[in-house]
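Colleague: Sequences listed follow chains A and B, in order. If you count the first sequence from 1, you need to add 100 to reach my numbering. If you count the second sequence from 1, you need to add 100 to reach my numbering.
Read the hints as simulated data drawn from the structure, not as lab findings. Some hints here could point you the wrong way.
Note that the list lumps identical chains together, so a pair holds whenever it fits in one copy or between two copies.
Cross-link-like lysine to any residue pairs, in silico, SDA-like; alpha carbons within 20 Å at most [what the hints assert, rightly or not]:
1. K258 - V145
2. K252 - L269
3. K107 - L215
4. K258 - Y325
5. K252 - T164
6. K252 - A238
7. K107 - P265
8. K107 - E277
9. K107 - G173
10. K252 - P237
11. K258 - D316
12. K252 - L267
13. K258 - G216
Each chain, letter by letter, is given below.
Number of protein chains: 2
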Amino acid sequence: MTDQPGKAVVLLSGGLDSATVLAMARSEGFECHALSIRYGQRHAVELQAAVTLALALGAADHRTVAVDLAAIGGSALTDPDIPVPEAATTGIPVTYVPARNSLFLSIALGYAETLGAQDIFIGANAVDYSGYPDCRPAFIAAFETLANLATKAGIEGKRFHIHAPLLDLGKAEIIREGIRLGIDYGLTLSCYQPDAEGRACGRCDSCRLRRQGFIDAGVPDPTRYR
Amino acid sequence: MTDQPGKAVVLLSGGLDSATVLAMARSEGFECHALSIRYGQRHAVELQAAVTLALALGAADHRTVAVDLAAIGGSALTDPDIPVPEAATTGIPVTYVPARNSLFLSIALGYAETLGAQDIFIGANAVDYSGYPDCRPAFIAAFETLANLATKAGIEGKRFHIHAPLLDLGKAEIIREGIRLGIDYGLTLSCYQPDAEGRACGRCDSCRLRRQGFIDAGVPDPTRYR
Numbered sequence: 101m102t103d104q105p106g107k108a109v110v111l112l113s114g115g116l117d118s119a120t121v122l123a124m125a126r127s128e129g130f131e132c133h134a135l136s137i138r139y140g141q142r143h144a145v146e147l148q149a150a151v152t153l154a155l156a157l158g159a160a161d162h163r164t165v166a167v168d169l170a171a172i173g174g175s176a177l178t179d180p181d182i183p184v185p186e187a188a189t190t191g192i193p194v195t196y197v198p199a200r201n202s203l204f205l206s207i208a209l210g211y212a213e214t215l216g217a218q219d220i221f222i223g224a225n226a227v228d229y230s231g232y233p234d235c236r237p238a239f240i241a242a243f244e245t246l247a248n249l250a251t252k253a254g255i256e257g258k259r260f261h262i263h264a265p266l267l268d269l270g271k272a273e274i275i276r277e278g279i280r281l282g283i284d285y286g287l288t289l290s291c292y293q294p295d296a297e298g299r300a301c302g303r304c305d306s307c308r309l310r311r312q313g314f315i316d317a318g319v320p321d322p323t324r325y326r
Numbered sequence: 101m102t103d104q105p106g107k108a109v110v111l112l113s114g115g116l117d118s119a120t121v122l123a124m125a126r127s128e129g130f131e132c133h134a135l136s137i138r139y140g141q142r143h144a145v146e147l148q149a150a151v152t153l154a155l156a157l158g159a160a161d162h163r164t165v166a167v168d169l170a171a172i173g174g175s176a177l178t179d180p181d182i183p184v185p186e187a188a189t190t191g192i193p194v195t196y197v198p199a200r201n202s203l204f205l206s207i208a209l210g211y212a213e214t215l216g217a218q219d220i221f222i223g224a225n226a227v228d229y230s231g232y233p234d235c236r237p238a239f240i241a242a243f244e245t246l247a248n249l250a251t252k253a254g255i256e257g258k259r260f261h262i263h264a265p266l267l268d269l270g271k272a273e274i275i276r277e278g279i280r281l282g283i284d285y286g287l288t289l290s291c292y293q294p295d296a297e298g299r300a301c302g303r304c305d306s307c308r309l310r311r312q313g314f315i316d317a318g319v320p321d322p323t324r325y326r
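Okay, chain A solo, but in the shape it has when bound (with noise of 0.2 Å):
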């Protein structure tokens, strides 16, 4: 970390994760760019929702970078002939997106060279980890290896942070920090496949761990259901 929190790009899906990792980011005291990715998800609704956070959490700008992964398929986030699973699964979910995290990195990487930033924050968390590969903490440490040996600046010397906060959390206490800095979860949609009103399912892997996380931290769930 700097001496003095600078600029900071925070990847910003419009989830409660990323949302919850943009506050911290802001309580830190960084100046916080957030970045999000169109990548070809079915869910693309929940860039809307992105939006929206951005300027409720206090981010100095928003920017949202296309990549169309469709074009290479592979996860039923991005390709519409894989259903989106609603019972729970073990091993590694097909909603997977192969080397999604690497290409969220390299884009938010490329952006904070760009800024002059050094800091990236990613809301990879330990209930994912169990099933993503690229949601662990040896990922998160080799992308900070890379990014200090890929780009001029960290050539120049500067050197790159990746910070994964939400790492060894659990969804409930991400909850409890995310209404200990103020969030609205109501803004925030973590479903895979929601309506184009943006109401979550309440039957994706991602809307279950989520609905646990408000009962486990014992707070009231704002999530719109269809």
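With chain A fixed as given, assemble chain B onto it according to the hints.
Modeller: Coordinates of chain B only, in the frame set by chain A:
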């Protein structure tokens, strides 16, 4: 490397280097899935060259993924307000695109995982890595480490290999190897600011390196200059 060459993803820009890499991967017996990235580069006409090259060099297929890097700016190659230099420069050139190879390799990694491929080829080379940080051997090695942590395939014990066979070659050596493999370099386009017909300027960094390469290799330069 796998014992039997199987599928490989080959990053193909339409330029001289990546065309040579595709020919090399084919000569090693790989079933090559060519991948081009439309990243907001001014010289998008190079993508037309990539289509021609994929066919001419026997790729099994060819896909183009669009990434709107212009949304985050920062390079002469994507930002129309930064001119492409036409004289030799020292240090890292303004044509450096922040984190470009991290991004390209991340997309290639996602595609490889989708295909069940474990081999990824990229045309990073010695001439470039005097200027571009993400063309150095340490960067390529760090990405290979990342790839094996980032993916479902990596968790399941498959190993990804990032091949950068041009790393230690000068431009003339690359050209000699490509000629040996039968490449028609007249199909390739290296210029950062070609005209709409794909004719090269002859003055940008990339043109000057290429032109000198043909001179040093002692072979006729088939480039169409405007």
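Colleague: Enumerate the violated hints, using their earlier numbering and listing them in ascending order.
Modeller: Structure breaks hints 1, 2, 4, 5, 8, 11.
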